[in-house]
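> So the chains spell out like this:
Number of protein chains: 2
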Amino acid sequence: MDIKHLLKACGMFKNDTEAESCLRLFDSLKYSVKKYHRGAIVMFRGDLYEHLFILAEGTLSAEMEDLKGRVLKVETLKAPDKIAPGILFAEDNHLPVTLKTVTETTILSLPKESVFAICRENRYFLLSLLRDAGNKIVFLAEKMRLIKFSSIREKIASYLLDQAERQGSNMVELKISKETMSELFGVARPSLSRVFSEMTDEGILRQEGRSVYILDRQELELLLEE
Amino acid sequence: MDIKHLLKACGMFKNDTEAESCLRLFDSLKYSVKKYHRGAIVMFRGDLYEHLFILAEGTLSAEMEDLKGRVLKVETLKAPDKIAPGILFAEDNHLPVTLKTVTETTILSLPKESVFAICRENRYFLLSLLRDAGNKIVFLAEKMRLIKFSSIREKIASYLLDQAERQGSNMVELKISKETMSELFGVARPSLSRVFSEMTDEGILRQEGRSVYILDRQELELLLEE
Numbered sequence: 001m002d003i004k005h006l007l008k009a010c011g012m013f014k015n016d017t018e019a020e021s022c023l024r025l026f027d028s029l030k031y032s033v034k035k036y037h038r039g040a041i042v043m044f045r046g047d048l049y050e051h052l053f054i055l056a057e058g059t060l061s062a063e064m065e066d067l068k069g070r071v072l073k074v075e076t077l078k079a080p081d082k083i084a085p086g087i088l089f090a091e092d093n094h095l096p097v098t099l100k101t102v103t104e105t106t107i108l109s110l111p112k113e114s115v116f117a118i119c120r121e122n123r124y125f126l127l128s129l130l131r132d133a134g135n136k137i138v139f140l141a142e143k144m145r146l147i148k149f150s151s152i153r154e155k156i157a158s159y160l161l162d163q164a165e166r167q168g169s170n171m172v173e174l175k176i177s178k179e180t181m182s183e184l185f186g187v188a189r190p191s192l193s194r195v196f197s198e199m200t201d202e203g204i205l206r207q208e209g210r211s212v213y214i215l216d217r218q219e220l221e222l223l224l225e226e
Numbered sequence: 001m002d003i004k005h006l007l008k009a010c011g012m013f014k015n016d017t018e019a020e021s022c023l024r025l026f027d028s029l030k031y032s033v034k035k036y037h038r039g040a041i042v043m044f045r046g047d048l049y050e051h052l053f054i055l056a057e058g059t060l061s062a063e064m065e066d067l068k069g070r071v072l073k074v075e076t077l078k079a080p081d082k083i084a085p086g087i088l089f090a091e092d093n094h095l096p097v098t099l100k101t102v103t104e105t106t107i108l109s110l111p112k113e114s115v116f117a118i119c120r121e122n123r124y125f126l127l128s129l130l131r132d133a134g135n136k137i138v139f140l141a142e143k144m145r146l147i148k149f150s151s152i153r154e155k156i157a158s159y160l161l162d163q164a165e166r167q168g169s170n171m172v173e174l175k176i177s178k179e180t181m182s183e184l185f186g187v188a189r190p191s192l193s194r195v196f197s198e199m200t201d202e203g204i205l206r207q208e209g210r211s212v213y214i215l216d217r218q219e220l221e222l223l224l225e226e
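First to last, the sequence lines map onto chains A and B. Letter by letter, the first sequence follows residues 1 to 226 in this note's numbering. Letter by letter, the second sequence follows residues 1 to 226 in this note's numbering.
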């Protein structure tokens, strides 16, 4: 992959004008590109995270071990995701997860200095960096809020009622994929789909694409009162 | 407060050279300054957060209500803290907490456009914005990790053992205050201090200022196995 295609794969610019200025910038910037085989460990939990990694190709799994040594998948990362942009700038910049490749992957690695230089030149990149960190905070805060609900049914009820309130409608536009939702709830993807189907069969919800209609609001509220 | 003192109070620059360039920038930037009495609501949970608020003077409490309508304090914010810098740039930028003043406060409010302009000119500000968002992610991820431990004693044990591993020493340098630690554990500050004292009396720990010595590692590990 030449540098132009690489930067495009990494979602580094919005349009052709920005592409040109971004390309010029990379002439004088430090960066490296590395390829990994499927199943490779890219970094271990606890490693210092000093360069911003951006996925140009492939899929990574972010994993943790619980107290008994069982591996828990925390997150799936796909090109052009940035890897842990928040951690890079945190005072305690140890990686909280182990990164393992799920497919062959190509990673662009940028030292902090390069990240700052790009932020000054490329407003789109700066915005995406701040947005990614912000989205992560919102995700974690919501995950924390939902953790007190033990069943998937309660988690779905609480998530949908909160979104309905925020969106001011009983028709909730899902802003995250079912995969991300299963990571938000800390449950397996098939289990989430099964409970969604059950709730649809019971006439509580109806789903059309990314829209979920709350048909029986009282039933959802009852779930949270128990 | 004139603008120079205000920007200084907001921690907007590192030294006098940066102060001058930052001051010049503010001649052409949009911003506003607002004062609040003690006990005032600055924003409600669910409000759209479109301007970056920076505390120039005073203290805020970030609060949430639980399902039964009880008020839970989530965080204390003190000048020169930025308020929810992550949320500002998140796709879902509804404030997850209600902001209430604890003392008289002065808040500098910057529209996103101004924040971007400052980021381009002032590297120190950009770094602090990214660092604040990163620190929040680390804080929330650690809070999530600790939530599975029910007692304060277990939380302390897990936190200290993890820090000891990260810092590669049985002498742990506390990187957060006891107040922040009580927010991390989701417990009252006096309860945290009491359990710390008990563990010191039992010869498990010794604390000197910000350093905590793990004297009985086995005892801490046992706590987490139960």
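Because the hints were derived from the structure by calculation, they are not lab data. Note that CB positions come from ideal geometry on N, CA and C, so glycine has one too. Just to be clear, a hint being listed does not mean it is correct.
So the derived label-pair ranges between C-beta atoms look like this [as the list claims (entries may be wrong)]:
id: 1; chain 1: A; residue 1: 178; chain 2: B; residue 2: 24; range: 42 to 52 Å
id: 2; chain 1: A; residue 1: 5; chain 2: B; residue 2: 179; range: 32 to 42 Å
id: 3; chain 1: A; residue 1: 206; chain 2: B; residue 2: 24; range: 51 to 61 Å
id: 4; chain 1: B; residue 1: 179; chain 2: A; residue 2: 148; range: 47 to 57 Å
Chain B stretches covered by chain A per the calculated footprint, using a threshold of three residues with CB under 8 Å from any CB of chain A [said to hold, decoys possible]:
id: 5; stretch: 90-99
id: 6; stretch: 132-140
id: 7; stretch: 164-175
id: 8; stretch: 204-216
> Does each hint hold? Answer for all of them.
Here is how each hint holds up against the structure:
{"no.": "1", "hint": "A:178 to B:24: 42 to 52 Å", "result": "holds, 50 Å"}
{"no.": "2", "hint": "A:5 to B:179: 32 to 42 Å", "result": "violated, 50 Å"}
{"no.": "3", "hint": "A:206 to B:24: 51 to 61 Å", "result": "holds, 57 Å"}
{"no.": "4", "hint": "B:179 to A:148: 47 to 57 Å", "result": "violated, 23 Å"}
{"no.": "5", "hint": "90-99", "result": "holds (count 6)"}
{"no.": "6", "hint": "132-140", "result": "holds (count 7)"}
{"no.": "7", "hint": "164-175", "result": "holds (count 3)"}
{"no.": "8", "hint": "204-216", "result": "violated (count 0)"}
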